[in-house]
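Protein chains: 2
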Amino acid sequence: MAKNLTTRQENYAQWYNDLVIRADMAENSAVRGCMVIKPYGYAIWEIMQGVLDKMFKDTGHVNAYFPLFIPKSFFSREADHVEGFAKECAVVTHYRLKNAADGSGVVVDEDARLEEELIIRPTSETIIWDTYRNWIQSYRDLPLLINQWANVVRWEMRTRLFLRTSEFLWQEGHTAHANREEAIEETLKILDIYTEFAEKWMALPVLKGIKSPNEKFAGAVDTYCIEALMQDGKALQAGTSHFLGQNFAKAFDVQFLSRENKLEYVWATSWGVSTRLMGALIMAHSDDNGLVLPPKLAPIQVVIVPIYNNEETFKKISEKALQIQSALQARGIKVKFDDRDTYKPGWKFTEYEFKGVPLRIAIGPRDLQNNTVEVARRDTLEKEVLQMADIDNKVEHLLQQIQDNLFRKAYSFRESNTYKVDSWDEFRDIIENKGGFVLAHWDGTAETEERIKDETKATIRTIPLDSRPEPGKCIFSGQPSRQRVVFARAY
Amino acid sequence: MAKNLTTRQENYAQWYNDLVIRADMAENSAVRGCMVIKPYGYAIWEIMQGVLDKMFKDTGHVNAYFPLFIPKSFFSREADHVEGFAKECAVVTHYRLKNAADGSGVVVDEDARLEEELIIRPTSETIIWDTYRNWIQSYRDLPLLINQWANVVRWEMRTRLFLRTSEFLWQEGHTAHANREEAIEETLKILDIYTEFAEKWMALPVLKGIKSPNEKFAGAVDTYCIEALMQDGKALQAGTSHFLGQNFAKAFDVQFLSRENKLEYVWATSWGVSTRLMGALIMAHSDDNGLVLPPKLAPIQVVIVPIYNNEETFKKISEKALQIQSALQARGIKVKFDDRDTYKPGWKFTEYEFKGVPLRIAIGPRDLQNNTVEVARRDTLEKEVLQMADIDNKVEHLLQQIQDNLFRKAYSFRESNTYKVDSWDEFRDIIENKGGFVLAHWDGTAETEERIKDETKATIRTIPLDSRPEPGKCIFSGQPSRQRVVFARAY
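Protein chains in written order, with numbering that gives the first Met the number 0: chain S, 0 to 490; chain X, 0 to 490.
The hints are simulated quantities; they were obtained by calculation from the structure and are not laboratory data. Incorrect hints may have been included.
Note that the list lumps identical chains together, so a pair holds whenever it fits in one copy or between two copies.
Pairs of lysine-lysine, BS3-like flavour, derived with a Cα cap of 25 Å [what the hints assert, rightly or not]:
id, residue 1, residue 2
1, K56, K347
2, K86, K97
3, K188, K2
4, K2, K261
5, K419, K456
So that you can see chain S by itself, here it is in the shape it has in the complex:
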């Protein structure tokens, strides 16, 4: 295991925090609750953005940008919405500073108080639906399929890098439709996109489902989500897609003339994933040696490290390395040749291992003689010596294997940490001592959900979309239940 890295066993939360910082992903800033995303972490986020953006555009969405500020009064328009966000709003009250009279520095200029306070967007439904009112008159203006990449602020008391920060980066889609069916179809289409992204790119298996009323988005009719299981047995909500019904259209008076020439309220969806995905990515695959990245999201997929003790050998190794590098680049593989002489090979091995580079190629004097290279996989930590012939093909194949292996590993971890439970004692035991997803019957009431949460800190993560009706009795109240739902403690 890596030096100075707390192990998962010792303290999972500490392991995560140490890992994020030591792998140069992010760090806490001078502003409470706000993080700095460092270049290595940001490079991963940029890859994520690129993939998701393409998926959105391929399904007809376009990007736009709406203001950072929301007038306070907009919040009150949708009752559930304001209830959900009022307690975590950063509020702008003034627009000027001035020199303190006593020369001690700058102070807020009380003459520059805003007539109406502005909220930093915690999410943009209100400002966007206020804007849509002018954009939508007729069914011809629909659907409106818009996404925004932006920063948002939700004031948090306890923060954790990527997982819960007062400011975070995200995308938020806001679509408008002529009828309920089309809006629900959009909600589910996006849920599929999120699922595909999580599983194919992040190598992270997720459960698709719907939230219980307690857990749904403030202002939504239904919240759909993808839910993943982390190595400590806690669940992480990785993305949400909301069917908003006509709630925001009514709150902001957005009506359209239908094909039948009737004035109707517009149907809405909203959906988002955030830099929280970075936390999920890190926690899903990494180990006590540091970060483990799926090749498809790695800023460096292959690193080549030369091992030499004289200039002549270095020259020959370099030739070979550059040859491999260009062969891999021709296949679109991101490869770095680390030819720095200020660091030793052993240091470099540890460094790239810690940073989760999927594949390391080492080339030493013996490899020159034998026309070989040594290849080390980050996921299994296995090494093998490969003949140079066809090396680009072999590397590409290995990267695919690593991607597949990470998914399989995460999938089987989830499988072996998912329990069907029918007694309250067993439920408590698993939640408290093992963690994982617990499939159990629930009577469908908010009250029961609340009491289970109070007693065990477990919440309903999702009501699975693909589960069959299975009559049973609520694990807590004994009342009838129509299907099992997924409980877990969660991030």
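The hints should help you fit chain X onto chain S, whose structure is shown.
Chain X alone, transformed into the frame defined by chain S:
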């Protein structure tokens, strides 16, 4: 000219505003001074971002993300900096809302007042240099070449879409170097990147130069800039690159151990371009028929419009259109086939003309017979009938011609609106009645610059980098001058 569009002659400012709104680029939001960037405008911004981002990365820069908030006390650390920005700061004072006691809605919760107010970043030097302190210990940590894509807020009383808004989008580069020479080299390298972007991509000729002390960035030693001339004879600062010396390193105590094992303050640069470039792009080329876009930044480079009066003809035209479309796409040309039957060809012609699509291809029944298409250029409004053979090659060539022509036109406009002036009367006359760039002698004092501004509203836009020393007398004070500088009224 386009219906309902004010002409440039009538009212240039109104023409600009109408154009931005009617071309679906942007609009004012419900929040004073903040704009909504609409999908068509944002698509252009995304292309700009992509090109610039690649240029930065190709020169060794990486992206990162720093907090939106800056503690108020950070501002006071660099005296010029706080002086420059204090009057336009949006200030966060509270972090929670609550229900009003009288049930009238939500109000700011006075119990949730921040100990220290937070400023929404107007620019990020202070928070970034506070962070760099922990990242830089030795010369081995240098240079640090970091860029950030972000939103910033500078509270403005009079705003104009894209040109001056309270919130805007931009990139801000912040680099750290071991010595003065390297930092200056970086400042100039970025100025070259901005110049190349303006001229090769935006088709916008710019003057490269240095700002007078009055006009430089608050906290900089020297501010370099690119300056463009708009059609109304006013100048527009399109990008700035600052050599910050050791000012911020000293303010935030960022020292490093040099190769010679001495503790030294780090040298800095910062540089940025913003959504203001969108304003420059629009004003530089557009006309009384609407937007004119250089092909390299157009979201739609070619639009194909079918002209038909029966289904059979439409089918044949479609076949041909799709054939052209895929031939153009194979060359990387962005082409749209507008086959909607809800709009007439004439309406479509006007629409795409207004939105500045560089090339329009119309296909009618006669074109089917003759194996031709009709091609119309947006820049010259010229039409010609082309044989289908080799059409992709012809279109690609035409797009390049349009790109070149727009640059040439803007260049010759600037040339014919640049004046060498040696008398104060002539200076005033040109500034007040003609506009344009005025090359005149200046005695080098802030006082003279200020008085010229008071009397004519003209400022020194730039002290050109490539001009030769030319002794003369200040146009205002008669004092000796070493070279001419560029005066203009400016956006």
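Hint by hint, work out which the structure violates, then give me just those numbers in ascending order. Result: hints 3 and 4 break, sorted rising.
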